[in-house]
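A.B. asks: Letter by letter, the chains look like this.
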Amino acid sequence: MELRAGDSWGIFTFLCAALCNLPALPALNCSEELGAGQSIQQTYDLTRYLEHQLRTLAGTYLNYLGPPFNEPDFNPPRLARAERVPSATVDLDLWRGLTDNARLAANYRAYSRLLCYLRVLDGQVGTAELRHRLAHFCASLQGLVLSIGGVMSSLGYPLPAGPAGPPAPSGAPPAPNDFLKKMDDFWLLKELQTWLWRSAKDFNRLKKKVPPAVVTLRLEARGF
Amino acid sequence: MAPPLLLLALLLCPGQPRAEPLSYPAVISPQDPTLLIGSSLVATCTVSPDFPLKAEDLYWTLNGRRLPAASYSTLGPSTLSVALARLNGSRQQSGDNLVCHSRDGGILAGSCLYVGLPPEKPVNITCWSKNMKDLTCKWAPGTEGETFLHTNYTLKYKRRWYGQDNTCQEYHTAGTYSCHIPKDLALFTPYEIWVEASNRLGVAVSDVVMLDILDVVTTDPPSDVHVSRVGDLEDQLSVRWSSPPALKDFLFQAKYQIQYRVEDSSEWKVVDDVGNQTSCRLAGLRPGTVYFVQVRCNPFSIYGSKKAGIWSDWSNPTAASTPRSERVAGGCDPKGGEQNTTLRRELKQFFGWVKKHAYGCSNLGIKLYDQWRVWLQKSHKTRNQVVN
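As you go down the protein sequences, you meet chains W and L in turn.
Last residue of the first sequence: number 280 in the working numbering, and the count goes up by one each step with no gaps.
Last residue of the second sequence: number 748 in the working numbering, and the count goes up by one each step with no gaps.
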């Protein structure tokens, strides 16, 4: 159960290198799409990787919270608190009708906020092993946020003005007791799971709109 | 969560928000209490007036297990209590989950029970300073068993007679119960060091350890360890090393220790009385054997300190072999030996035929073959001497 931060940093630096490696061909006006196509694939791969990582992290964390939180059919009510964690569940027609920009922006905003909440969690959690796993996961999640930002930039979309620092206290009051805090933590992990599952679908959809194969043909036609 | 089911649900109820209650359904008292192992507790669950639930609609679980109805007691129309006796230590450090449910299993409220023991005095504080630049200390928790509660350890230190308490910040540098003080340490002055352990049930302070940084100095292992043969002596090896460079500016006498073992044995032999020199001869060794040798250093008597320092780590093992006596039986002597007579005769015939039938191979002859044998013998000898 060895966690090497190098793994996530490796992916992160690889992504950064790939994103920066856009071909500088002024004659080719679809060079941005070539870069975006690769980035979308990489972002998709990263969401699958994070999904896998989250399974282990969630398992450990829920065991730390203790039963009934780690029971498979556990489904507590989401109590009336300010909607602090952005929800992934969305009307199906609405989801289908999202523009590329809106789709990417929703992902970017969601993960930025989820990252903030996870970092707060990291400061409070009891055991050293959990803190280590959380730190590793946060690093990977940060990579995902940057990757989504990279895709948006390469497609010419502006980055949404996300929360720069930790969430405002008025928008997210801390849980009034330890049990409610455990419930908040449970829902944070659940929403993270749902978002990663949804993002895979989002990026799959985006992939189909920006196929790299089409661009390759155009390159050959121009004699490169 | 099954993805197709979720999509189906969204399809069936498009755009319908989840019904959110306006306040918490119920309140448990006491909320998140801390208790000693073996104590008893009576907890009450009071349903909020907004909810149409009565006491008989409720039940309790502890860590997911339903509590027997015999331990329940109705205190009011919407208040149910439960009696817990002789509590065991908490199942997880985040607290036991005591939950009040409605009849259909829904969660109305919860309370985290922290059941455990106060910490015991941490013991066995040992510290060492690497090259007088820092101080690392480790200790052991006093409790043989568990406290069941999350216990925080704080290492504190101060200069004796004056100065205020300082707190160590870098934990877990040399194991779970350790801390590292990287700077601002004074020499020639005694320090008082202690560890405070605290959890929800109390605090325990270790005994104070008094030390002078100069008395607990350790250093890097000796560098440039070379092991070589002593001429042709079969039972001896010579070990040479350099004193650790980090302490070369300070006045100290070093003690060294050497340990060595045969290649395929795990038993180390230790040479203890090496003193302040940087070379040593190992004797009484087995001929023709590969040995692994390590050296370590103790910088005692730094600045005249009377106490022994702390031994460094062992240097990386260096290998060398003792010579084997050369009782040559069947060794090849190309000048006089007629051992491979058949081979030589055949070769001579071959070279004669080559001279007749091949062009530009006039140099090829039995003399060349003899020269090759001599060269082979010489290079074999040098390859046999194992040097590191």
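Calculated from the structure, these hints are not laboratory results.
Be aware that a few hints might be false.
Here are some chain W residues pointing at chain L (derived, C-beta under 8 Å) [as the list claims (entries may be wrong)]: (1) Gly122; (2) Arg187; (3) Pro230; (4) Asn233; (5) Asp234.
All values derive from a computational prediction rather than experimental measurement.
For glycine and all other residues, C-beta sits at the position ideal for the given N, C-alpha and C.
A.B. asks: When the nearest CB of chain L is found for W/Arg187, is that gap smaller than 8 Å?
C.D. replies: Constraint on W/Arg187 not satisfied, violated at 10 Å.
A.B. asks: Holds or violated: W/Gly122 as interface residue toward chain L, Cβ cutoff 8 Å?
C.D. replies: Hint on W/Gly122: holds, closest Cβ of chain L at ~4 Å, below 8 Å.
A.B. asks: Taking 8 Å as the limit, does the beta-carbon of W/Asp234 come near enough to a beta-carbon in chain L?
C.D. replies: Holds - the Cβ of W/Asp234 comes within 8 Å of chain L, reaching about 4 Å at its closest.
A.B. asks: Tell me if the interface restraint on W/Asn233 is satisfied: Cβ within less than 8 Å of some Cβ in chain L.
C.D. replies: holds, 5 Å
A.B. asks: With chain L as the partner, please determine if W/Pro230 meets the hint condition of a C-beta pair closer than 8 Å.
C.D. replies: violated, 14 Å
Hint compliance for this structure: hints 2, 3 are broken, all remaining hints hold.
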